[in-house]
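Trainee: Sequence:
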Amino acid sequence: MPNTNLPHHHGEEHRLPDILAQLSHVDEFQTVADIFKQIEDTTRIRIFWLLCHCEECVINISAMLEMSSPAVSHHVRPLKYSGMIVGRREGKEVYYKAADTPQSRLLHQMIEQVMEIACPR
1 MPNTNLPHHH GEEHRLPDIL AQLSHVDEFQ TVADIFKQIE DTTRIRIFWL
51 LCHCEECVIN ISAMLEMSSP AVSHHVRPLK YSGMIVGRRE GKEVYYKAAD
101 TPQSRLLHQM IEQVMEIACP R
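According to this note's numbering, the sequence shown is numbered sequentially starting from 1.
Certain hints may be false.
Simulated pairs of lysine-lysine, DSSO-like, Cα-Cα distance not exceeding 27 Å [unchecked claim]:
id: 1; residue 1: Lys97; residue 2: Lys37
id: 2; residue 1: Lys80; residue 2: Lys37
id: 3; residue 1: Lys97; residue 2: Lys80
id: 4; residue 1: Lys92; residue 2: Lys80
Keep in mind that the hints were calculated from the coordinates and are not lab data. Keep in mind that this is a model prediction, so the values were computed, not measured.
Could you put together the complete structure from these sequences and hints?
Mentor: Listed below in structure tokens is the structure:
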């Protein structure tokens with residue numbers, strides 16, 4: 001790590017090496033940015049939140065959100081590719097739910113904290 005001299009000193013210089021080391025992990029920040037890109041749409045957030053609480057097929061999601069099945073599929077695809085939701089096939093039907101990952105759980109908590117809502121039981 002190169003020696004970085006900052007133009008202003010605020011008494012936090014002892015933390016600078018750790019901060020600079022973390023900032024150098026651009027790929028990790030890119031992963032976070034990619035996840036946020038996948039949920040930049042209100043509909044995707046609604047679908048993700050729904051799938052945090054139940055497992056559903058596209059047809060049922062479509063009915064709940066009053067959207068067409070192709071429109072829902074369009075939003076489900078990036079959520080699945082980003083690893084935020086997972087699907088399982090049963091016959092011709094695919095059922096989706098939120099992935100059981102730390103990132104998915106954190107996003108769910110963040111949505112609920114921002115919206116100040118409680119999970120249905």
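Trainee: Work down the list of hints and note, for each, if the structure agrees.
Mentor: Against the structure, the hints come out as follows:
no., hint, in the structure
1, Lys97 <-> Lys37, "holds (19 Å)"
2, Lys80 <-> Lys37, "holds (13 Å)"
3, Lys97 <-> Lys80, "holds (10 Å)"
4, Lys92 <-> Lys80, "holds (18 Å)"
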